[in-house]
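So the sequences go chain by chain: V and S. For the first sequence, counting from 1, position 32 maps to 32 in the working numbering; every step adds exactly one. For the second sequence, counting from 1, position 221 maps to 221 in the working numbering; every step adds exactly one.
To be clear, the hints were calculated from the coordinates, so they are not data collected in a lab. The reader is advised that the hints may include incorrect statements.
Unchecked claim - Chain S stretches covered by chain V per the calculated footprint, using a threshold of three residues with CB under 8 Å from any CB of chain V:
1) 43 to 50
2) 259 to 266
3) 312 to 319
4) 370 to 377
5) 418 to 425
Small disclaimer: the values here were computed from a predicted structure and weren't measured. We put the CB at the ideal spot given by N, CA and C, even for glycine.
Each chain, written out:
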Amino acid sequence: MKLNVHTLSDLNAEGKKVDIVFWVGCSGSFDDRAKKITRAFVKILNQIKINFAVLGTEETCTGDPAKRAGNEFLFQMQALQNIGNLDKYGVKKIVTTCPHCFNTLKNEYPELGGNYKVFHHTQYLKDLIDQGLLTLSGKKYKGKKITFHDPCYLGRANKVYEAPRELIKKLSGDLVEMKSCKSKALCCGAGGAQMFKDAEKGNKEINIERTEQALEVKPEIIAAACPFCNTMMSDGIKNKEVDRKIKIYDVAELIANAKDP
Amino acid sequence: MAYLPNLLFLSLLIVSLYIFFRNLKKIKRNIGLGRYVNRNNNSNARLKNMLRVAFGQSKMGSRPVAAILHFIVYVGFILINIELLEIILDGILGRHRIFAPFLGVIYDYLISIFEILAFLVLIAVFFFWTRRNVVRLKRFFSPETIGWPTLDANNIIYFEVVLMFLFLFMNATDMLLQDANVDSYVKTGIFPISQFLKPLFIDLSIDNLIFFERVFWWLHITGILIFLNYLYYSKHLHILLAFPNTYYANLESNGKFDVDSSIKDEVQLILNPGKEINVETTPPDKFGATDIFDLNWIQLMNAYSCTECGRCSNVCPANLTGKKLSPRAIMMKTRDRLEEVSKNLDKNNGNFINDNKQLLNDYISPEELWACTSCNACVEECPIEINPLSIIMDMRKYLTLEKSAAPAELNLMMNNIENNGAPWPFSNQDRLEWVEE
């Protein structure tokens with residue numbers, strides 16, 4: 001399917017304004033699995049003709065992994081560059097499919113002068129439904145057992161627990177909760193820059209522990225809302241050799257795929 | 001001679017309070033060794049937070065059994081201390097049950113409530129002891145709890161048992177003396193718990209009864225004063241510090257990590273080498289933390305407030321999967337180092353003499369620090385809102401910025417961000433490739 005995507009610089013040159021900027025994130029731009037989430041989210045935006053734009057080549061890492069790895073300098077270099085680009089176009093509203101970008105843009109940019117209204121895509125999609133702009137149809141997930149893995153930077157860090165769950169319920173999915181969920185959810189193991197390094201010596205990988213917790217509730221689908229969690233949980237089900245039976249989908253993918261014939 | 005007991009009591013009280021307040025002052029001094037951060041804003045929200053979390057114990061509820069037991073001991077502690085007021089006045093004035101004549105029946109009710117609480121405390125403490133020593137709950141047994149921490153935990157339990165029994169014994173012998181119409185033993189009603197302890201002392205002569213009643217009275221108040229001064233050395237300090245600790249807790253999103261705005265100007269200079277920028281801020285002498293002096297006072301207060309309950313480590317993904325990191329150990333080691341510095345200061349007239357030691361490496365290893373996923377589970381779990389994560393991040397900042405000692409893979413990741421704006425080696429020109437796939 002052909003996606004309709006414009007960059008801020010193109011639209012700006014034509015003198016056009018947008019309602020919201022989609023912050024794609026590095027994972028969403030470069031990681032093969034995460035790119036599918038990006039496309040799924042844009043597919044939804046296109047279907048209901050949301051007037052949005054991306055930064056394209058003007059987007060660069062928010063600095064989250066650098067900051068969590070202790071490099072405050074690099075974080076601020078990234079932040080100030082990004083704030084410069086966002087402010088150049090007078091950006092007010094941002095939506096992103098990555099909870100790490102979401103958290104950094106929302107909580108750590110204001111102190112450096114970047115003030116935006118920032119949404120995680122699950123919040124934004126829920127708002128669109130509440131406003132009647134997006135309707136969910138299709139019976140694809142009706143009664144399917146879906147468990148939701150809370151991303152730390154969406155949940156505990158920003159107290160967003162309900163938006164993704166409400167979307168799953170709106171899809172008529174049978175939402176089953178893991179023993180540790182919401183504020184008690186176990187990390188997938190990728191946060192704090194762990195995504196980019198091997199784990200310290202221990203007796204287990206964190207993503208395996210979390211995958212086992214998910215498997216306990218016997219889901220057909222493990223829903224995620226973060227590209228890093230998605231990678232970790234995908235590795236987890238492969239390790240457990242259940243990747244034929246169980247699928248990992250981002251909530252945006254569930255919605256985008258729901259309408260397929 | 002008649003005033004000897006009064007004088008003895010007064011001296012005991014004054015000496016105990018003197019030592020107690022001297023230690024409190026020491027705690028204040030030690031917390032003050034940390035960097036200043038302003039947490040005086042938003043006092044209404046802070047007060048509410050303290051009332052909810054510390055006074056109302058709102059975060060204990062996640063473990064209902066422990067929450068109920070803890071609540072009993074907590075309420076018992078607060079209410080039985082009302083009785084302490086009378087005991088102190090009695091001690092100073094050489095009277096007995098000074099409030100009884102004024103309060104009449106209400107006095108009987110009050111003491112009855114205290115006795116029932118004392119009994120409930122004994123039951124609760126029995127369960128606490130069992131959890132530690134019979135059931136041996138896993139979270140009480142970690143490398144960091146070996147030795148003093150475990151002894152300390154049991155000491156607190158034994159203190160409470162002894163104090164409660166002394167209180168009940170005191171009332172039991174008192175009641176027998178009332179029954180015998182001994183002068184100066186004011187008539188009260190029958191106490192609900194200690195009445196059952198009367199048989200233990202029923203065969204004693206009046207003189208011996210008076211002797212035992214006095215011994216229990218003295219041991220009880222002396223025990224309380226010793227316990228008061230034990231706090232400084234114990235995890236039990238949380239009964240005091242939980243309140244300021246929650247008052248000054250972080251009220252912002254857990255996801256917002258400290259942004260060091262002192263380097264903003266310098267970063268601007270690097271980004272825009274040609275442009276003139278007024279540099280108003282001075283960057284710090286040192287990035288991040290190696291020792292308690294580099295941490296802020298909130299983090300140091302956190303260390304003193306920690307009850308070592310281990311809930312943080314019990315939910316830590318790194319700890320759960322066998323890594324060396326334990327958020328509880330981070331707090332305990334910070335307190336240990338702070339105490340070491342404190343002793344150094346005491347010995348050297350308030351000047352710190354370099355001891356060639358620091359929190360980093362001598363107490364906390366890089367291996368622990370790099371195992372953290374920054375998931376905030378420890379922060380979320382702490383019943384009194386301690387933040388081990390902020391200490392971990394401050395120490396990482398030192399390792400990365402001052403020592404370039406981040407793990408090699410992270411250096412690679414950071415190089416990628418510097419060179420092509422993403423943590424992976426992809427060209428920024430390819431950022432829109434996903435559109436065409």
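Hint by hint, work out which the structure violates, then give me just those numbers in ascending order. Number 1 only.
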